[in-house]
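There are 2 protein chains.
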Amino acid sequence: MQSTAYGAPINVKGWVRTHRSSKAVDFIALNDGSTIKNIQIVVSPDACQVSCATGAAPGAASGGPQCGDSVVASEALKLITTGACISVVGTLVESPAAGQASEIQADTIEIYGTCASDYPMQKKGQSFEVMRKNAHLRLRTNTFGAVMRIRHNMAIAIHQYFHDHGFFYFHTPLITASDAEGAGQMFQVTTKNLYRLEKDEQGHIIYDDDFFGKMTSLTVSGQLEGELGATALGAIYTFGPTFRAENSNTPRHLAEFWMIEPEVAFIDLNDLMDLEEDFIKYCVRWALDNCKDDLEFLNKMIDKTLIQRLQGVVDTEFVRLPYTKGIEILEQAVRDGHKFEFPVSWGMDLASEHERYLVEEHFRKPVIMTDYPRDIKAFYMKLNPEAPASASGPLCGDRVAAPSGSSSAAPSLGYDSCLAPGPTVQGTDVLFPQIGEIIGGSVREENYDKLLSEITRRNIPMKDMWWYLDTRRYGTCPHGGFGLGFERLILFVTGMQNIRDVIPFPRTPKNADF
Amino acid sequence: MQSTAYGAPINVKGWVRTHRSSKAVDFIALNDGSTIKNIQIVVSPDACQVSCATGAAPGAASGGPQCGDSVVASEALKLITTGACISVVGTLVESPAAGQASEIQADTIEIYGTCASDYPMQKKGQSFEVMRKNAHLRLRTNTFGAVMRIRHNMAIAIHQYFHDHGFFYFHTPLITASDAEGAGQMFQVTTKNLYRLEKDEQGHIIYDDDFFGKMTSLTVSGQLEGELGATALGAIYTFGPTFRAENSNTPRHLAEFWMIEPEVAFIDLNDLMDLEEDFIKYCVRWALDNCKDDLEFLNKMIDKTLIQRLQGVVDTEFVRLPYTKGIEILEQAVRDGHKFEFPVSWGMDLASEHERYLVEEHFRKPVIMTDYPRDIKAFYMKLNPEAPASASGPLCGDRVAAPSGSSSAAPSLGYDSCLAPGPTVQGTDVLFPQIGEIIGGSVREENYDKLLSEITRRNIPMKDMWWYLDTRRYGTCPHGGFGLGFERLILFVTGMQNIRDVIPFPRTPKNADF
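Protein chains in written order, with the working numbering: chain R, 1 to 514; chain L, 1 to 514.
Pairs involving identical chains hold if they fit within one copy or between any two copies, as the list cannot separate such chains.
With a Cα cut of at most 30 Å, we get these calculated DSBU-like pairs of lysine-lysine: (1) Lys510 to Lys192; (2) Lys510 to Lys214; (3) Lys133 to Lys304; (4) Lys214 to Lys199; (5) Lys214 to Lys192; (6) Lys463 to Lys510; (7) Lys13 to Lys23.
It is worth saying that the hints were derived from the structure and are not from the lab. As the structure is a prediction and not an experimental result, all values here were calculated from the model.
Hey, can you work out the whole structure from these sequences and the hints?
Written out as C-alpha cells, the structure is:
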C-alpha cells in the first residue's frame, strides 16, 4: 500500500481479512497481498458511502450475496465479509490501537467483489492439508502469502548474486532426447496418437512421426548442457523447472520442482566450496534483510527457532569434511554406543540419519562433504589421484591440511588420516540441519580419456554423449558446478515442513490440480 | 577478465580465438566468454615457458594433438590452436596496437586443453545453419556469445523491473491436466508403458495408473494460474518455459520457449498499456545501457540499423489504436491503392502484412492495438459495453478521446469514429516493427456471470474451470496482464533473424538435439 502522510487522502484496494462491528464504527482489516501487515479501515456507517461495482457479486446461481443498485449503505456494509474485495477512499490517520501505526478513516467504499458464503479460507487455523486442496485460494492466507513473498525474494537474490558475480543466466532445454544424467525416472513427452501406435518388425514403437522424430522426455537436470555454456561463456547458471517421475509421496519430493545449477570454468574444488558457501549465505542473508515481517510471522506461527537458525547459517563457517573422515566419525560414534538404523562402512551412501548425526549432533553446523567414493556418484565427477602403495599420509584430494579460507577448520576436526580405501571423486555436497543435502556439486572430469573410460565402464550409451565429450576434445578446461533444489532452500528459509507448501501448485503422484 | 594496472602481474584463462606467429613473437587472441573483446597475448617463444596440464589433450583415439611431458616449449606453442584452452601468467602492458588499450606479455602458458583438428568452429563466416548443427560449440563464437550475454541481460532486466515495481515472481506449473487456455496444440506427458495401454469398455485409454492419475500435458500458458497469484498477492509475473506442439517450421516458432506473463490486480486497460510500454522500454534501455559492446558488434555484423531501431523504441511514444480504427486505416489504404494479400474487413484477425503496414508504413512506430472483436480473442477477456442503438459517437472502450499519458496521440490519428459493429473485448497487443506482435495482453473479465456465459458459449469444459471461476466468486477484482515471448524480445534486441539462434538449444519439429 502507498506510503502517505497523516491527514492525506488515500485510496487502498484489497481483500477483507476480517470485518467486525462495534456500536458506532466498523473495523475492516484489509490486505492487498504485498505485505503480511493488514491496514485497518475504520468505518462510521453514517459518514461513509458504500457502493457496488457493476456485477460485484456473482449471480444468484452461485449462491453469493447480492449487490445491486437497490442496496442501501448500511445494508451494503454487511456484504463486506471475509474474502470480499473492496476499494476504500479515506484519510490516513494515526492509530490509537496497539500494534499498528496508522489506520484509514473511510469516506467511501466501493465493493469490487463480494465473497460467496462457502469461501473455504474463512476460518482461521485451517490444516495445511485442507489448504492444499484449495491451493488456488490459500495464497490469500497469511502463511502462504509470507511463503510466496519469501520465495520471490529468494529467486531475486539468486539472480542478483549470479549477475553480480559475472554468471550468465542460461536456459537449458526441458524436453530432451537423452537420458545420460540418469538422475531418476523420466516423464515421456509425445504428440503421438496413443490409439494408433505403429510398431516396426521387431515390435518397437516407431517414433519417426513423433514431434521430434524420436522418443523424448522431460529433463532431470540441465547440468550437461550447462557445461556447454560454462565452457563457452565462462560462468553460467540455470534456474528452471526440473522433473522426476518418482512415485515418492514424501514431504521432501515433488515431480516438478525448480533447480538452480551454476557451472563455472577454471574452478577447483576449494573455489567451488567457497562459491557454495558464499552463495547460500548470501541468499539467507537476503531473506533476513528483506523479508523481516514475513520471517517474524513464520517464526511466531510455524517455527520458533527459524530466525535463530537462519542467523546461525550466516554467522557460521561451514565445516569441510572429506567423506572418508566423515565415515571415521560415524564409526567412532558407533563405537561410542550411538545406534544407527543402517550400518556404517566406507563406500556406503550416507543415509539421512548419518547426515543428521554429523550436522546436528557432531558439528552442530552446516557441513560440506567432499571426496566421495566414485561408485556412489555420477559418471562426470573428477577422479582424485589414488594413493601410491607406499603412501601413509593424507590424500582425499589433499585438501585436508589447508581448507581454503578456513585454516583453522581442519585441525579442529581432530582427525589426521584421510587415505581413502578406494577411488574417490571430487563431489561436494552441502548438508544442512533439518534439510539434509541442500546442494550437490562436483568438479567435473575434464580429461577426455578418463571421462570416456568412465562412460564406457558404466555402459552409458555413446549416442547421447558425443556433444558432451566434444567439450573435452576441443579446448577442455577444469570446471565444476553444483545444483540447488529451490524448494529445499525455501523449506529451510521459511521453516515450513512440507515441500508441497512452498510451491504454488505442487505436482505429486496423482495430483496435477490447478 | 580482471582489471589490473599496467605493469602488474596477471593471470588470464580462456579459449584461443586466433594464434599467429611473426618472426620474433606470437600473438594469441584469447577470450574467456565474459565479453566480446579478446585480450591479446604476446609471446616471445624464448622468454615464455609453455607446459601442458595433465591430460590436456585427448588421447590418440580422438585424433587430437599430443601434449605430454616430452613436448618442448617451442613445440608446445604449436599446440595452441584456435579452440585450445590456456592459462597465461604475464604482465599487463599498454598495447601499441590499434583497437585495444592493453595486452599481456606472457611469462608462462599452461595448456589446459588442446583442440582437435576437426574443430567445427575454426573457420570464420560459418553459416548459421552449420552453427545450429553445432549448437554445443557455437556458443564460443562472437555472434552467439553476444546473443547469449544479451539474453542474460534481458532476463535480469525483467526480474529487476518487476521486483522494483512490487511484482512477485510466481512459478506456475508446467505439467497441467487442463486445456482451458486453448492457445495451441499440446505435448502429452506420461509415465505409462506405451506397450501396455489398457482401455475401458468404451475403448478409452485408462489413465488411472498414469503418474498423475489422469491425462496430462505441457502447459501453453501460465496465465490462468497467474490470475490466482495476482488476486492474492496483488501483482505477480511468471517467467518460465512454455510449450506449443505446432508443426511450424518458421524462423518465428519454437516448440519450447520462455514466456513472461505479468498479472496485476486493480488495473484497467489504460494502466495496462502504460505498463506494457514502460516495461518494454525499460528492457530495451537496459540493453543499450548494459550491452554496448555486444550491440555494437551485432550492429556491425548482423544488422546495421539495430542500435538506431532500439534507440527509436526508447525515444518514441507508442501509438494506441483501437482495432476498429486500425481497420478503418487499412480500408483507407486499400481505397488508396495499397494491395494486401488478404482482404480487410472488421472482425478479421490481422495478418502480418496488415500489422506491418500499420507499424512500418502508416505510423512508423510501435502500436498498441486494443479493443478487438470478441470472437478473435480468448474467452477471458473483458467485454466492452456495446453501443446503444442511438449512439453515434466514439465507444471502443471510450479510451479514444483521452489515451492515458498521451493526450496528443489521439488527435494525431485523424480518426473520430470508433463505434464497433460488433462486440469487442479489452485486449491489448503491442506490435513492433519487424517482429509483429511482441506482447499480447488484456483486462480480464472479472464479472462471474459474464465469464460463465462466455465459457458456456464456447463450450469450454467446466471440469477445468472451477478454480478459475472461484476467483470471481470470492472477492473478484478488476485485473489484467500480458504475455511476452522472451525469444521475440531477444530477436528484436539482437537483430537476429531466426528464433533458433537466440536460444541455446532450440526445440523444433524433428529436432531435440543436445
